[in-house]
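Participant: Here's the letter readout for the chains.
Number of protein chains: 2
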Amino acid sequence: MNLQEIKKNKKVHLLFSGGKDSSLAAIILSKFFEVELITCTFRLLTNWRKAEEVAKKLKMSFKTMELPEIILEEASEKIIKDNFPANGIKLIHKKALERLAETSEFIADGVRRDDRVPVLSLAEIKQIEDKFNVHYLQPLMGYSRKTINLLVGKFFIVKEYKSEEEIGAEYEFELREFIKRKYGSEKIKKIFPKNHTHSIIIKLSPSFLPL
Amino acid sequence: MNLQEIKKNKKVHLLFSGGKDSSLAAIILSKFFEVELITCTFRLLTNWRKAEEVAKKLKMSFKTMELPEIILEEASEKIIKDNFPANGIKLIHKKALERLAETSEFIADGVRRDDRVPVLSLAEIKQIEDKFNVHYLQPLMGYSRKTINLLVGKFFIVKEYKSEEEIGAEYEFELREFIKRKYGSEKIKKIFPKNHTHSIIIKLSPSFLPL
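Going line by line, the protein sequences match chains L and X. Heads up, the first sequence is in our numbering, so the first residue is -6 and it goes up one at a time. Heads up, the second sequence is in our numbering, so the first residue is -6 and it goes up one at a time.
Bound-form chain L, shown alone (with noise of 0.2 Å):
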């Protein structure tokens, strides 16, 4: 059995944005795993395709994961409340990582060490591998972000961009979408913070190889 048939044998599901963080998880878990990208989406916008165009820049298989608007609810709520994002783009992501656990062995995130938002405690990761006997795999979680941006940096070039200048792939814009629609636009002015900044993975470095 060579390495290509054992990582044919295990195939992990990777929730992923296009973003640095995800892209970076995706090299990283492509040298013990076939990586499936899979990308969540409400059916509000179409900003999945960002990912899309990403994944296949990758060379690596992509999905959708069509998440119910009752969650893009709850978790609309539960930002009106607090009056700021945090809680409830954790809630998206646990909601999504609990979907995808239903039907994967392996599911992984691209969370790194000093993330604040969507970070899962412990316990919750432990609860999520015990209730769906699953393997849930953080590649970035022993990283810090300066070591990840200096490795992403020997990968991919990378443009960063604020989300009120241009739209991706991660869950908030389909968050503020929701948001705009129920409670108007000055909410979302309100809500989020100001210059706040996403990645997009914009090609390959000249110096990728596939691994």
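Since the hints were derived computationally from the structure, they do not count as laboratory data. Fair warning: this is a prediction, and the values are worked out from it, not measured in the lab. There may be inaccurate statements among the hints.
As the list claims (entries may be wrong) - Calculated cross-link-like contacts (lysine-lysine; reagent style DSBU-like; alpha-carbon spacing at most 30 Å): (1) L:Lys87 - X:Lys139; (2) X:Lys50 - L:Lys147; (3) X:Lys4 - L:Lys50; (4) L:Lys119 - X:Lys56; (5) X:Lys56 - X:Lys124; (6) X:Lys56 - L:Lys49.
Knowing the structure of chain L, use the given hints to seat chain X on it.
Facilitator: What follows is chain X alone, placed relative to chain L:
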């Protein structure tokens, strides 16, 4: 610049025992870095040779790093006072990381998500990174013991053994020796948990491919 050149640009020093965790960490890091395996010794025993044997099997560069006996003394005093070894072992690990950080840009260990010993807090990790201006990498931090055992099985044939039956390159063994010499064998039996097991890589799995 190809991947080999990228890797040569960055050398990571990984604290290494020859056990399954630090060996898997070495494999993961070897994707991005030139890896140098570092085994600590107080020159009380030659147990570091166990790690050297595994390093040869992995075909990776290996060095010992001598630590002053005062650290062993301090750790032993803590252990005698606590009546359990966890904090003393953590103290040695922290000193080892700091010593390594003095002359390295990238330091790493094989600590897992659900490890109890020797786990530094996030504050301690950041303190080392800031004080010594290093990257501190923990490539296994995002994986459970269950996931790691599965990955280890893909790469290595592993032997598990009890501390009383065989010696390994972990800190524990020189600690035991030091405490035995200073406080007598009875202390060892009282302090160290019975049936505590370690692992060592016996050989590479038949499916192992250099990465």
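Participant: Which of the listed hints are not met by the structure?
Facilitator: Numbers 4 and 6 - these are the hints that the structure violates, sorted from lowest upward.
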